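Chain A is fixed; fit chain B onto it per the hints.
Top line first, the protein sequences correspond to chains A and B.
Residue 101 in our numbering sits at position 101 of the first sequence; the count goes up by one each step and never skips.
Remember, our numbering sits 214 above the position in the second sequence when you count from 1.
Just so you know, the hints here were simulated from the structure itself, not pulled from any lab data.
One or more hints might be untrue.
[Unchecked claim] To give an idea of the chain B side of the interface with chain A (calculated C-beta under 7 angstroms), a few residues: (1) Pro230; (2) Glu231; (3) Leu529; (4) Glu563; (5) Ser600; (6) Thr601.
[As the list claims (entries may be wrong)] Computed far set for chain B versus chain A, every beta-carbon distance over 12 angstroms: (7) Thr225; (8) Leu527; (9) Gly567.
All of these numbers come straight from a predicted model, not from anything done at the bench.
Glycine included, each C-beta is placed from N, C-alpha and C at the ideal position.
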Amino acid sequence: MSSWLYSDKVKAHFMDPKNIMFDDEGFEYDAVGTTGNIKCGDEMTFYLKIDPETLTVTDCRWKTFGCASAIASTSVLSEMIKGMKLDDAYSISNVDIMKELGGLPENKVHCSVLGDKALQKAIDNYYRSRGMDDRVHETESRIICRCLNVSEEEIEHAVLEGARNYYQLQEMTKVGTSCGQCEEEARERLAFYIEKHFGNDSKDSAQGRKLPGR
Amino acid sequence: MNRIYFDHNATTPLHPEVRKAITGAMDTFGNPSSLHEDGREARALVEDAREKVAALINAEPEEIMFVGSGSEGNNTVLSIMSCTGAQCGMHPPVNSQLVVSTIEHPCILETSRCLENRGIGVRRVGVDGRGLLRMDELEEALESDTSLVSIMMVNNETGSIQDIPRAVELAHAAGALFHTDAVQAVGKLPVDVKELDVDFLTISAHKIYGPKGAGALFVRKGTPFCPLIRGGHQEMGRRAGTENTLGIVGLGRAAELRALEMDAEEERLARLNLLLRDGIEDRIENTHFNSFPEFCLPSTLNVSFLGVEGEALLLYLDMEGIEVSTGSACASGSLDPSHVLLEMDLPVEYSHGSLRMSMGRSTTEEEVLRVVEVLPGIVERLRMMSTAYDGSCR
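The shape of chain A in the complex, shown without the other chains (with noise of 0.2 angstroms):
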């Protein structure tokens, strides 16, 4: 077969994922994070047994309605977490779970953030259930722009869908299109999320560029 869309090891992972849960295998978990919405095309859910002494994650499963790129993904990702502390756990990046599949091509990044979303829900969702609730990560998505009532969360989401620059940004999600007050935090997230996302090669490449304020 020719060249694959995918690399060797998206392919690998794709033909034979690991971890995936099945309904009669009776897998007994400690926590579950569901993520995406089949609306959207794809759905995510992370199942983890944790050991609460340690708090690591000593097995973990996962289910999904997802593309090739969503399955794996989330199956690397599955592989990475298993020993590994809860917190730890959390903060792998997509970055590094792309570093570790070898990439994928950039429209397909907002497929594989699923796997890691899922995860991270439920690992808050077992600080929740055990009364850790200072361990939370999650808050509520911060409002960056008033006037439109753009957040935090709609940035990054802009950032996977493709935008690189403010110009493309507001484009997408009119940030600071009104009073434009709300610039210099807006540019400030969306370098976060592209470096979160891509890393450092895709900074913002139009600086200058921005649509007027009112």
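Okay, now just chain B, sitting in the frame of chain A:
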């Protein structure tokens, strides 16, 4: 591994006879516009091809102009909407409303959005659950200010065949011109432009075993026209640019062969389609067929599997050497699943898991049986790992 190509609506391999015609013309390098012998030789090939394409759809040769693709043909027709007549001197439509269906190919939908941005009114007519145009909506959309109606003859995703004669009748009664994107229809079912009474019709070579990069546009004699590509006298001043002689030769030969092979082949494909459909229905639960045999091309079968994501399904099939398409969002690179299936009101749980299988002249019964054998295992495998499919559905 033997590959099973079930993606003929995407493109087709060259017919061996088309290949022969193209290779035979490769040394005919002359510019068809040149007056000397090399030029005249090339001109003869182009005009011969024009006659063959005309014959396939019962048009006059001078009503056929060659274009670079089906998309170019469609863009050309829509571009007459923004013609002012000042430059080209042709007779632009006086009115300024365009009517299209909601399941057109993106080259119509995006172009009409672009026209809309330039101030041209666009009305969109929907389809029913079978993918058939809502004639009552069309009737409503047509007003005295409608100048052009563009409705595809056969949908590329589901194979649904529209009632073009009825739509033409309505459009003409309202005084509008009628265009049909017949890229998926010509060469697969009988098309007679005189009987259909259409004003414009688009053809593509690579969907009918011809080469990529060649297409044709039928423009009824006397119909207002405005070129999309200007600056040359080629194609009666309708499309500037030196003719793609090899592509045109290939299209001509492909058209000629289609006239000979089409009828018998469609009968054979209808049998295979039934075999495929029944095989899937018998072996896989919770499926939804998006192609309806009474209204669809026999070569196309579009089916959705509950709880299964289409891109993953496509790639697992590819590993088995089976090549298909999907309407899944993930395969398209956007977040939206197939606009055609959404317009048909297919529930989203199904629309992300659609598979388009399109057969052709090389398709055999063994291939169909192999697909029917392999598909259930892959669907089952994906359903076992799916968050959107639980045992209670079974």
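Hints and how they fare:
1. Because the smallest distance between the Cβ of Pro230/B and any Cβ of chain A comes to about 23 angstroms, over 7 angstroms, the interface hint for this residue is violated.
2. Here the hint on Glu231/B is broken, as its CB sits about 27 angstroms from the closest CB of chain A, past 7 angstroms.
3. Look at Leu529/B: its Cβ gets to within about 5 angstroms of chain A, closer than 7 angstroms, so that hint holds up.
4. The criterion of a C-beta within 7 angstroms of any C-beta in chain A is met by Glu563/B, whose closest approach is roughly 6 angstroms, and the hint holds.
5. The closest approach between the C-beta of Ser600/B and any C-beta of chain A is roughly 5 angstroms, which is under the 7 angstroms cut-off, so the hint is satisfied.
6. Hint on Thr601/B holds. Least Cβ distance to chain A is approximately 5 angstroms, under the 7 angstroms limit.
7. Residue-level check passed: Thr225/B sits 17 angstroms from the nearest beta carbon of chain A, beyond 12 angstroms.
8. With a least CB separation of 9 angstroms from chain A, Leu527/B falls inside the 12 angstroms interface cut-off, contrary to its annotation.
9. Some Cβ of chain A comes within 12 angstroms of the Cβ of Gly567/B; the nearest lies about 8 angstroms off, and the non-interface call is violated.
Checked against the numbered hints given earlier, the structure breaks hints 1, 2, 8, 9 and satisfies all the rest.
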